[in-house]
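Residue numbers (the working numbering), protein chains in the order written: chain R, 1 to 280; chain E, 1001 to 1198.
Because the hints were derived from the structure by calculation, they are not lab data. Think of the CB as a built atom: it goes at the ideal place given N, C-alpha and C, for glycine as much as any other residue. Be a bit skeptical, because a hint or two may be false.
To be verified - Label pairs and their in silico Cβ distance ranges: (1) E:A1088 / R:T80: 37 to 47 Å; (2) R:Q142 / E:E1020: 26 to 36 Å; (3) R:I248 / E:G1164: 20 to 30 Å; (4) R:G79 / E:K1013: 26 to 36 Å; (5) R:T91 / E:E1182: 45 to 55 Å; (6) E:R1061 / R:A90: 39 to 49 Å.
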Amino acid sequence: MNTREMDSVFASALREALIANVERTPRLRRRWQWRLGIGVVAGSIFVGGGAALAAGVFSPPGAPSDTQLGNIIAVTRTGTATVDLGPAPATATNLSLTLTCLSVGKFDFPDGSYMTCSPADISGASGTSLQSTEVAPLQPGQDMVTIDASANASWSLQAVYVNRVTTSWGTNASGQTYGVANQNGTPDLVAVTIDQGEVQGYVKASDLDCASGSDDVNSPAQALAWDAASKNRNISIPVYESDGSTEIGVFVVGDALGPDATTVPLSSLSIGCPTTGNSP
Amino acid sequence: MASLPEEYTSWTKALGGDSEGFAPVFDRQRDRVYRHALRLTGNAPDAEDLTAGAFLELWRRKKSVRVVEGTVLPWLLVTTTNLARNHARGLRRYRALIDALPRSDDGRGAGDVALEHIEEVVVIEQVRQALNSLARSDAALITLTAFEHYSPAQAATALGISEGAARTRLHRARARMASALETSQAGERDDMTKEMLR
Chain R
1 MNTREMDSVF ASALREALIA NVERTPRLRR RWQWRLGIGV VAGSIFVGGG
51 AALAAGVFSP PGAPSDTQLG NIIAVTRTGT ATVDLGPAPA TATNLSLTLT
101 CLSVGKFDFP DGSYMTCSPA DISGASGTSL QSTEVAPLQP GQDMVTIDAS
151 ANASWSLQAV YVNRVTTSWG TNASGQTYGV ANQNGTPDLV AVTIDQGEVQ
201 GYVKASDLDC ASGSDDVNSP AQALAWDAAS KNRNISIPVY ESDGSTEIGV
251 FVVGDALGPD ATTVPLSSLS IGCPTTGNSP
Chain E
1001 MASLPEEYTS WTKALGGDSE GFAPVFDRQR DRVYRHALRL TGNAPDAEDL
1051 TAGAFLELWR RKKSVRVVEG TVLPWLLVTT TNLARNHARG LRRYRALIDA
1101 LPRSDDGRGA GDVALEHIEE VVVIEQVRQA LNSLARSDAA LITLTAFEHY
1151 SPAQAATALG ISEGAARTRL HRARARMASA LETSQAGERD DMTKEMLR
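Given only the sequences and the hints, what does the whole structure look like? Please build it.
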């Protein structure tokens, strides 16, 4: 028995329960629109290293972009095996690996992530099996990749060298940068999505900082006060187009929940950091 | 070629109502979350409960989940820490569901980790107490940086604060954590734990 790993019976039952839980979620969209109507909206913040540019997906400036170099190498193997990729092109920075499980088992990528495939994950004649893609940084001199798999577990791998670049932030007419936070820092306007990813826009980094307390907390006492105040309070901040002035929604900062939770606009609070209206 | 990190793609699918999108996220992150929970609780049943709670919270609070570098793992780790700080209350809404999940009948129980790793358990308890003594935001920062080796910049993104604020708070949180450990510890193992916080 290994207490460092989750009990497999419990894990498997939990997995089923989580899937059922997602399936049970009722009428997400209608509830969402209703919440939008009263101005309570949350969303996701895009960050560097995240989304890279599939068709139809919001890909804000500053996100990484991958370009395929050379041909895709496709192999099928059983058990642990090393795949020779040939010499890396000079401009290769990352390796894109797409693993498909062809039988039940556990499959480990070189970076320590892995996927497990249950009978339900394996395709029938027409379906598709569970697939996982990693874009891992290329190690110096690396020209092969090893997939660790259980003894009888079959898999297929599509591997290709890629050149990953971080795209530049945009700059709007007011001179504000907009896009996702990346290794260069945080732009003036930070990309977010609201309404289940259907609305994309930008929040001011200063609003975000202010609403999350980082501008207002300079001492342990203030931190404690902030924590206490945040317990039942969320703060909404405006979401703009990339022009930084056309408001298209609100983004909620905070995790207060339950009957006592309220959401208030940042502009209604006097919390000691510069709140902004429509001016940059 | 254009591609999205797989977990991000799965997560987006799940958000779109595709239940099969949630499974790969669970498969990828469950053991990391579980090991973190084990570190906070020191016993398998409680760690399993916390892991279940973190993933159930991931779905319940999906609209405010922060995706950092294509993964929801930092969010899960912070949520696990928050749940551990108030185990009974945080898991109350899921208690019936969690209790209904089957477990292996292999005798693993509260005492198992203790018997196998008695020294670790002492440290676990001290770390747990020290974490509990911190403000929630500070405990979250310590979780991500000291325990899970995220950079201050990544932790800042996960927590929605600026990098500068994260560094300032982290400095304070480390000092508080070290001081809390100082209070709760009297043995030579202190050095090991405090080393982690440097």
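**Q.** Broken hints, by number
**A.** none
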